[in-house]
Amino acid sequence: MTQPAPFAEIWRGPFLESVHEGHAVICDEAGQIVESWGDPAHVILPRSSSKMIQALPLITSGAADAHGLTSEQLALACASHNGAAIHTDRVNAWMNTLGLSDDAFRCGPQEPDDRPAMEALIRAYEKPCQVHNNCSGKHAGFLTLNAHLGGNAEYIDPDHPVQRACLEAFETVTKETSPGYGIDGCSAPNFACTLHGMARAMAHFAAAPEGSAEVCLHQAMRLHPELVAGEGRACTELMRAMDGKVALKTGAEGFFIAILPEQKLGIALKAACGTTRAAECAIATLLVRLGVLDANHPATRKRMNAPITNRRDIMTGTLRPAAGLI
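For the record, in the sequence shown the residue sitting at position 104 is 104 according to full-length UniProt numbering, with numbers rising by one throughout.
Keep in mind the hints are simulated off the structure, nothing from the lab. One or more of the hints may lead you astray.
Said to hold, decoys possible - Below, a list of computed lysine-lysine pairs in the DSBU-like style, where the Cα atoms sit at most 30 Å apart:
(1) Lys245 - Lys302
(2) Lys175 - Lys302
(3) Lys264 - Lys245
(4) Lys302 - Lys264
(5) Lys175 - Lys245
Claimed, not checked - Distance ranges between label pairs, derived from CB positions:
(6) Thr309 - Ser212: 24 to 34 Å
(7) Leu149 - Val19: 45 to 55 Å
(8) Ile33 - Ala295: 16 to 26 Å
(9) Arg311 - Tyr125: 23 to 33 Å
(10) Thr70 - Gly185: 24 to 34 Å
(11) Ile33 - Glu111: 37 to 47 Å
(12) Ser101 - Val19: 42 to 52 Å
Every residue gets a Cβ at the ideal spot worked out from N, C-alpha and C, and that includes glycine.
Let the hints inform the model, and build the full structure from the sequences given.
See the structure below:
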């Protein structure tokens with residue numbers, strides 16, 4: 001098996017203190033590998049980076065049209081949001097149109113990552129609800145599809161029609177038979193594939209014809225980057241930095257994807273250590289390499305050649321991309 005390649009380096013003064021490694025693949029519209037680092041055949045769980053694939057049946061089934069879903073709702077179906085008011089207000093409104101309450105979710109409550117939202121809960125002596133879960137938009141999508149299919153309430157069960165539809169979509173776009181699944185943080189199954197398969201799927205999204213379900217989803221993400229993640233987050237800031245020309249999505253344990261419609265390319269990468277900073281540095285570096293992201297944009301500089309400061313705001317080192325990615 002090919003070993004992971006260096007992704008990112010931590011320098012403290014003149015000393016190389018640590019190195020993050022990982023695997024990355026860039027695919028073209030034919031599903032062929034344009035460039036790769038590490039092992040393209042490495043089997044991975046894409047985690048939340050697969051949300052736009054899980055949202056495909058929402059459109060292809062006719063459920064999105066039947067329920068009049070907007071581009072904002074489609075972006076939320078692909079989101080790992082901060083739980084800010086701009087996210088929870090929209091998800092709650094969506095649930096109201098379905099005639100459902102917070103109890104219908106199966107994602108579990110989560111403290112919002114958005115500080116004003118968390119402080120508002122504390123001041124009100126309230127506990128977080130399931131709508132604050134970063135995956136509540138995806139689950140609202142599952143519930144919309146479930147209403148269309150007439151399934152039972154346990155829509156996260158792997159054998160439920162909703163999840164069978166997600167698996168079919170996953171295997172179609174990755175062009176692989178999934179070897180299995182793990183249960184994600186939001187309790188839904190997360191299907192496995194190779195890293196090449198995931199990059200192939202993202203290139204499929206990038207090259208899909210206008211009006212297709214794939215284009216509707218990545219276009220919604222690019223139109224509403226603030227709904228896909230939130231303020232301060234890499235997905236939101238880097239999509240804005242590229243003027244909405246590229247769709248980005250992070251996943252837990254150091255995963256990241258990119259969909260580049262103009263170039264008809266897809267990227268998938270996995271930091272072997274599962275570290276977010278390594279994945280963010282790597283995706284920013286590859287986007288700069290491909291000429292779609294300005295290396296000097298402030299959003300880029302937070303993640304590539306980024307200063308590391310201490311509690312006195314003294315610069316103590318830098319987070320740099322490994323030479324092989326540049």
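To see whether the hints hold, each was checked on the structure:
For the given pair, Lys245 sits about 20 Å from Lys302 by alpha-carbon distance, which is consistent with the 30 Å threshold. A C-alpha spacing of about 35 Å is found between Lys175 and Lys302, which places the hinted pair above 30 Å, so the restraint is violated. Under the criterion of a C-alpha separation no larger than 30 Å, the hint pairing Lys264 with Lys245 is consistent with the structure, at around 11 Å. Our distance criterion of 30 Å between C-alpha atoms is met by Lys302 and Lys264, whose separation comes to about 27 Å.
The hinted pair formed by Lys175 and Lys245 meets the criterion: a straight-line CA distance of about 25 Å does not exceed 30 Å. Separated by about 45 Å at the C-beta atoms, Thr309 and Ser212 break the suggested range of 24 to 34 Å. A hinted range of 45 to 55 Å for the beta carbons of Leu149 and Val19 is consistent with their spacing of about 47 Å. Between Ile33 and Ala295, the C-beta spacing of about 24 Å keeps the proposed range 16 to 26 Å intact.
As the Cβ distance of Arg311 to Tyr125 is approximately 31 Å, the hint placing it in 23 to 33 Å holds. A C-beta distance of roughly 26 Å is found between Thr70 and Gly185, which places it inside the suggested range of 24 to 34 Å. Between Ile33 and Glu111 the beta carbon distance is about 40 Å. The supplied range of 37 to 47 Å therefore holds. At roughly 48 Å, the beta carbons of Ser101 and Val19 sit within the given window of 42 to 52 Å.
This entry does not satisfy hints 2, 6, going by the numbered hints stated previously.
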